[in-house]
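**Q** Spelled out, the chains give:
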Amino acid sequence: MRLLLVLLGAFVALLYVTLYSPSSSAVNDADVAGAFGEPIPGLSPAALQDFEGGRQTFLRRFTRSEGAGPHFNATSCASCHEDPVEGGSSQRYRDFFLAVETQQDGTTKKAYEDCTVDNAPDAQTQLCLPSAVVPHYGPYGTIASPVAAAVEHAPTPAAADVVARRNAPPLFGVGLFRLVSDEEILSREDPTDADGDGISGRVNRISTEDNAIGRFGFKCQTASIEAFNRGALQNQMGITTDSLDLVSTEAPRNQNLLDELLGTKTAFAQIAVPKDRIVDFDGVPDPELSRPLLSDLVFFQENLAAPARGIISSSVRRGEAVFGAVGCADCHVPSLQTSLGLIYAFTDLLIHDMGTGDGVVMEQATGNEFRTQPLWGLCQHPPFLHDGSADTVRAAILAHDGEAADARNAYQNLGPDDSKDLHRFLESL
Amino acid sequence: MTRTSTSSWKTTIHLSNLLLLLGIAVLLYHLPFGPARGREQFDEGGPEFIRGDGNNDDRVDISDAIYCLNYVFARGDKPSCLAAADTDDNGEIELTDAIALLGYLFQGSSQPPPPFPVAGPDPTPDLGCREPSLPPLPEVGSLGGPDRVLTEAEALSWRRGRELFDRPTMLSEGLGPIFNGDSCRGCHLDPVLGGAGGLDLNVVRFAYVDGMGTVSQLEGGPAASRLSILSVPRDEMHIDANVVETRQPPTCLGLGLVDRIPDAVLLQNADPDDDDQDGISGRARMVNGRVGRFGHKSGVPTLHDFAADASFNELGLTVDPVHSLFAGGSDTDAVADPELSDQEFLDLAFFLAHLAPPPRVLPPDPVSLDRINQGEVLFGNIGCDSCHLPVLDGADGPVRVYSDFLLHAVANPGRHNVNEPGVDPEEFRTAPFLGLRDTAPYLHDGSAETLDQAILLGHYGEAETARNAYAALSLLEKSQIQAFLLSL
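Those protein sequences? They're chains A and B, same order as listed.
For the first sequence, the numbering used here gives the first residue as 349, with consecutive numbering after it.
For the second sequence, the numbering used here gives the first residue as 398, with consecutive numbering after it.
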């Protein structure tokens with residue numbers, strides 16, 4: 349009898365493992381999921397050390413004397429990527445704006461006055477900004493400064509005909525997108541809608557990064573995590589950096605580590621390498637973040653674990669079928685092939701015309717084109733959408749238009765059971 | 398013989414069942430779960446639930462027990478419907494909920510209390526189904542904890558207030574139309590919830606200064622908002638603004654102590670005409686019949702006013718004006734007013750009123766301690782304590798906050814500052830030292846990265862004598878004063 353009970357226990361346990369464990373998946377799946385803020389499994393001790401170093405830099409709050417500014421919105425990466433832990437997203441209080449001026453040819457340019465290295469302005473008296481990001485803080489005005497207001501609290505420039513809002517997205521698993529091959533992304537491209545399904549996703553090639561396929565940012569406007577970091581450091585924090593230049597002949601800071609990593613599944617491979625130095629005019633010597641620290645910072649984000657799936661109940665399984673039937677999965681494709689195996693990010697890394705947008709052109713992405721936002725970790729991220737305009741998943745779905753109009757309509761026509769299952773599925777991501 | 402055998406058999410079953418149960422629990426605990434997550438969106442239906450359905454999948458089964466164990470032991474996320482996860486309906490999510498559920502499922506124990514097995518509303522509304530989990534009560538007197546022992550009802554109010562302080566406000570709950578933050582925590586988070594905010598969370602005040610140096614307020618001023626809801630533009634500075642003053646979010650830790658200082662105690666230190674001719678002429682700012690004490694210019698008289706003012710001006714949340722003359726009773730977003738219910742506002746105010754002042758932590762080694770003590774003596778000797786009064790008589794005994802809460806003309810003459818009605822640009826409240834060690838950068842605008850800078854950059858006018866005395870100290874003496882201040 350006792351044996352029977354023990355067997356029963358074992359059976360129940362096995363049944364559970366079979367039914368519920370997310371690890372009971374296909375052999376080809378990449379082993380990259382983990383708790384929020386943790387590294388992907390399998391990093392070497394040396395790599396883990398760099399990952400932790402990167403985390404510290406991610407958390408580091410810069411003071412003005414350390415280089416924050418002259419203009420900034422945040423003083424640390426974790427200011428905006430904090431929820432539920434560093435590397436995550438942010439609530440609306442960290443939203444920021446992009447101010448651009450539409451050109452006659454339909455492109456947009458930043459609405460702030462241009463500034464270049466050759467024409468270094470006096471940061472204490474001029475409002476000269478490197479990007480379209482509207483900064484909230486600037487150098488303290490003084491009685492002697494005639495434009496104190498402009499430098500302390502940058503106003504939205506009068507030339508801006510488009511002011512777009514952004515809500516910080518989570519970074520969990522984002523490094524895995526660099527391990528998706530160009531071929532894998534291009535295989536789903538259909539810029540002219542040749543198959544006539546109403547969906548015409550295309551890649552966004554980045555002219556400033558050797559025409560590599562952009563895969564980071566709401567408009568796929570960046571091809572490498574390094575560029576993504578260096579841009580945000582400059583535009584949001586006023587922290588300057590030099591290129592890591594890891595493909596140049598110049599030895600990177602840690603050749604041993606690089607050799608080790610290149611021999612493993614977490615190769616420190618970048619899609620493209622931004623080469624320009626970034627400088628600013630706040631009186632602190634550039635670069636304000638050294639290359640070793642930037643390298644760790646990039647490494648941290650390249651190796652943040654992908655969000656793990658929640659409990660997969662029968663309702664969730666039914667919801668996943670609804671997700672496909674409605675047409676969501678046409679763009680939010682469940683899996684992508686990476687060099688490590690399949691990842692389940694629910695994106696095609698293409699940009700799509702959403703029929704509505706923010707008017708900001710980024711490289712080849714037009715005002716209405718947005719990257720299919722990855723859905724993994726979805727439940728950790730209200731508010732939703734690029735501008736944080738949706739309180740709920742439902743509101744976010746209803747905001748889909750253009751290429752996604754059919755899927756949205758199908759969603760609206762779902763019966764209550766299907767709708768509930770679909771939401772349960774989305775909440776399990 | 399037979400009887401013995403039967404009895405033994407029953408015992409065996411009982412033990413086996415328990416072992417089985419324990420085995421399953423241990424096994425499940427060690428399984429490689431990802432964090433089980435999920436926030437109910439409540440797109441369809443109201444807060445109905447099935448007791449025991451912790452993972453909210455409309456079925457009561459072993460996965461609910463796992464979800465609960467995962468939450469309690471393995472950093473799993475909060476159940477979206479707490480009342481459902483509270484299988485034994487005792488108001489707490491804990492191990493016993495999983496045990497009770499496993500007992501029901503596998504041992505034939507009694508079924509969970511209603512609503513069960515059919516979904517329904519909670520007959521014993523305690524944890525709620527919509528509400529996120531209430532945080533546990535921190536230790537009395539700890540950093541971010543309550544300031545005294547609370548009764549059960551008070552503790553519940555405090556925890557609800559803390560949850561409200563922490564929770565991001567959604568558009569559907571009334572955020573905006575213009576706002577700087579979407580939660581109190583958004584700006585008051587250093588080093589714990591309820592604390593101060595960093596340089597990148599300053600709020601903005603603007604004004605106009607003419608050629609004669611006269612500062613005046615502009616239309617729409619003095620505050621500019623950082624953000625707005627999408628249907629309205631953010632509230633930018635007036636185009637003619639040429640004076641900007643950013644203001645740091647101050648700590649909320651210990652504000653209840655400040656609130657409970659009687660007016661008479663503050664007024665006895667006022668000397669508006671400098672009758673004693675010591676060069677220091679602090680004056681009380683009377684607001685609605687009480688001495689103002691909150692805000693960098695003492696513009697807010699009570700803690701209720703502080704909570705109502707910040708709810709409206711920083712988050713855009715309306716409160717019934719019955720609670721405070723500072724409450725915004727209505728706004729222009731689409732959400733019905735008041736957006737904070739009476740209960741919510743009172744919970745928030747109670748939490749703030751009983752948020753402990755940061756405990757002082759002194760180093761154990763005699764050398765450091767001696768440096769701190771020397772610094773404290775110097776602090777008095779050079780006259781810092783003329784305004785930064787170490788102790789005031791509060792309603793509950795002595796209050797050690799190093800402030801007189803009076804206005805003094807101290808601003809740096811090289812910097813712009815805005816005026817407020819009846820308060821000159823150069824006048825500021827003596828900043829209290831509540832957890833000073835955790836509130837860098839310093840001064841109202843965060844322009845001082847170090848205490849040395851704070852003393853030298855922010856103390857002119859009435860404070861200039863003390864400032865110059867500090868500047869004349871040796872490096873050792875300065876470091877002693879700084880060590881003392883950093884011990885607060």
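If you are wondering where the hints come from, they were derived from the structure by calculation, not from laboratory data.
Each hint should be verified, as a subset may be incorrect.
With the C-beta cut set under 10 Å, the calculated list includes, among others, these residues of chain B facing chain A [claimed, not checked]:
#1 S477
#2 T548
#3 G578
#4 G595
#5 D637
C-beta: ideal position from N, C-alpha, C; glycine also.
**Q** Checking each numbered hint in turn, tell me which of them this model violates, lowest number first.
**A** 2
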